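*Asks:* Residue numbers (my numbering), protein chains in the order written: chain B, 2 to 162; chain C, 2 to 162; chain V, 2 to 162; chain F, 2 to 162.
Hint data in this document are derived by calculation from the structure and do not stem from the laboratory. Keep in mind that this is a model prediction, so the values were computed, not measured. Fair warning: there could be bad hints in the mix.
Derived CB-CB ranges, DEER-like [what the hints assert, rightly or not]: (1) C:145 - F:144: 56 to 62 Å; (2) B:37 - V:6: 53 to 59 Å; (3) C:73 - V:37: 18 to 24 Å; (4) F:17 - C:77: 35 to 41 Å; (5) B:6 - V:37: 26 to 32 Å; (6) B:20 - C:137: 19 to 25 Å.
With a Cα cut of at most 25 Å, we get these calculated SDA-like pairs of lysine to any residue [what the hints assert, rightly or not]: (7) B:7 - F:138; (8) B:120 - C:19; (9) F:120 - V:21; (10) B:7 - F:120; (11) V:120 - F:138; (12) B:35 - F:120; (13) F:35 - B:82; (14) C:120 - B:58; (15) C:120 - B:133; (16) F:120 - V:150; (17) V:8 - C:59; (18) C:8 - V:21; (19) C:7 - V:60; (20) C:120 - B:122; (21) V:8 - C:120; (22) F:54 - B:144; (23) C:8 - V:59; (24) B:7 - F:60; (25) V:35 - C:37; (26) C:120 - V:70; (27) F:120 - V:20; (28) C:36 - V:20; (29) V:7 - C:45; (30) F:120 - B:71.
The following residues of chain B were derived to be distant from chain C, with all beta-carbon distances above 12 Å [what the hints assert, rightly or not]: (31) 58; (32) 107; (33) 118; (34) 140; (35) 142.
The beta carbon of each residue, even a glycine, is placed where N, CA and C say it ideally should be.
Number of protein chains: 4
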Amino acid sequence: MSDSNKKIIAVIGGFPCSPEEGRLAEIVGRELAKKGAILICGGEGGVMEAACKGAQSAGGITIGILPGDGRQTANPYVSVPIVTGLGAARNIVIIKSAQAVIAIGGGYGTLSEIGFALKVNVPIIGLNTWSLSRNNQTDNSIILTEDPAAAAELAIELAAG
Amino acid sequence: MSDSNKKIIAVIGGFPCSPEEGRLAEIVGRELAKKGAILICGGEGGVMEAACKGAQSAGGITIGILPGDGRQTANPYVSVPIVTGLGAARNIVIIKSAQAVIAIGGGYGTLSEIGFALKVNVPIIGLNTWSLSRNNQTDNSIILTEDPAAAAELAIELAAG
Amino acid sequence: MSDSNKKIIAVIGGFPCSPEEGRLAEIVGRELAKKGAILICGGEGGVMEAACKGAQSAGGITIGILPGDGRQTANPYVSVPIVTGLGAARNIVIIKSAQAVIAIGGGYGTLSEIGFALKVNVPIIGLNTWSLSRNNQTDNSIILTEDPAAAAELAIELAAG
Amino acid sequence: MSDSNKKIIAVIGGFPCSPEEGRLAEIVGRELAKKGAILICGGEGGVMEAACKGAQSAGGITIGILPGDGRQTANPYVSVPIVTGLGAARNIVIIKSAQAVIAIGGGYGTLSEIGFALKVNVPIIGLNTWSLSRNNQTDNSIILTEDPAAAAELAIELAAG
């Protein structure tokens with residue numbers, strides 16, 4: 002399979018993250034790489050680093066879309082650092098480049114990315130993350146699961162064309 | 002009062018919007034301008050246009066941060082069209098430039114902006130908008146109100162330095 | 002004349018700048034404001050600050066498109082600080098928003114903005130700035146002048162619709 | 002050699018391009034890949050496509066930083082399409098991510114990127130491209146060559162850390 006046929010899957014979440022979130026992210030990264038997907042993320046620490054570590058352990062390509070001006074801020078498991086200097090606007094590049102997104106835990110930055118993924122119709126799978134309601138009606142657009150291997154499998158299956 | 006001492010307040014929300022959302026946005030825009038604030042928004046239709054219309058009716062300055070490549074997409078009540086060509090990344094410019102944000106109704110794009118405002122600690126006031134919970138715990142960071150004049154007053158009061 | 006009919010003219014150039022460049026920029030800013038134009042610039046020091054100072058002395062609106070994350074970096078003559086957090090990508094917002102551009106002196110950043118203005122067909126007027134050739138052929142797309150008042154007048158005249 | 006130790010080299014230039022520029026770009030891409038570098042470019046046609054074609058023929062990774070909202074605009078030789086939706090601001094991401102830049106031919110957009118590369122001190126090598134002067138003094142910051150294989154070799158040698 003040439004690289005250009007590989008699915009590109011984003012993993013988003015907190016930096017720093019809890020040990021449990023890190024454990025989930027590492028499994029997700031490893032399972033994505035095993036199934037031949039390219040991992041895209043923000044390239045920094047926390048959930049991003051754990052996911053890259055998992056992906057690299059299975060020989061996967063890991064793309065880090067960095068917010069600042071130097072490649073030095075990439076975690077050591079990023080194989081291709083993309084230096085944007087765009088600050089938080091880099092989050093939009095991550096979501097637009099992904100064919101599916103897996104959100105793990107996360108704070109308001111992750112919430113912002115989830116909202117953007119829903120807006121542009123990229124499938125999004127959540128592990129221990131936000132729930133949403135609007136005018137007192139629950140919104141079920143985030144696909145919730147507690148199993149990281151299932152999340153990886155589902156992301157690849159749903160990956161938009 | 003010189004322009005440089007004026008507060009800059011963002012109004013965000015759906016495009017298109019419901020008549021009720023439009024009514025709320027127009028009042029918010031008018032009240033902001035009456036109190037000497039500069040309105041910043043995405044410069045397009047729906048909630049954005051209604052807010053600009055209200056602000057212009059009271060003689061206010063209205064800044065439209067446009068996503069596309071031409072000033073022609075600005076609604077007719079934008080006094081200063083800023084043409085970004087950045088697509089959705091322009092939402093981040095709106096939030097970063099605002100000293101407080103008022104969200105009116107809104108879909109996933111508005112949710113994404115709310116998440117970003119919370120991340121960067123810009124005060125956010127909601128009229129008929131999203132509610133949030135995380136891991137089954139309600140998050141009360143959005144200040145909810147049903148009174149558009151009160152929303153405008155509160156935004157100016159809370160406007161960060 | 003309502004704000005929405007005002008021409009938006011960019012002034013770009015070095016930060017820091019020479020005293021002579023500052024003198025030219027201040028005259029340009031003042032003449033633009035006298036003729037009712039809105040000044041847009043990067044909002045920082047050097048040529049940008051001198052142009053804003055001149056514009057404000059004649060009662061003009063000055064828009065500063067800031068690269069960083071805080072409004073505190075705006076020079077004191079910016080009436081509307083726009084906070085982008087986009088770093089150098091904010092230069093593109095300045096050029097896209099302008100109906101004509103005046104370049105005064107300037108280094109490689111200014112050269113980059115001149116190239117972009119020429120690419121998107123925004124008229125560009127140069128005072129003491131770059132000259133260009135490609136494959137040994139001179140490129141005369143920058144309108145060169147040494148008179149700052151003439152530059153302001155020409156910019157407003159050429160301002161694209 | 003793991004991916005994370007590979008040099009990332011940008012190739013920039015016109016779209017469309019002349020047959021001679023395409024020939025040069027294809028050799029540059031092939032030589033970069035042979036020497037183990039990752040190619041980064043705008044991911045579209047012209048010089049970008051020719052460089053990707055050359056790199057892929059030698060088994061290299063090719064990153065395309067796309068301006069629009071869809072991966073469909075990538076040329077067929079891009080192995081990792083990054084979808085930015087940022088328009089021309091994506092050029093800045095290309096330059097910031099590169100450890101050296103090779104410019105081949107090119108119009109005003111390429112001139113803008115050259116200016117930006119010089120501003121941020123990324124080494125830049127030119128084949129049939131712009132020459133610069135400022136206030137009637139020639140600027141020799143672009144390293145000019147007519148040999149595409151030499152350009153590739155020099156880019157890797159100069160690639161900033």
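*Asks:* When the structure is checked against the list of hints, which entries are broken? Sort them ascending.
*Replies:* 5, 7, 10, 12, 14, 16, 18, 21, 22, 28, 32, 33, 34, 35
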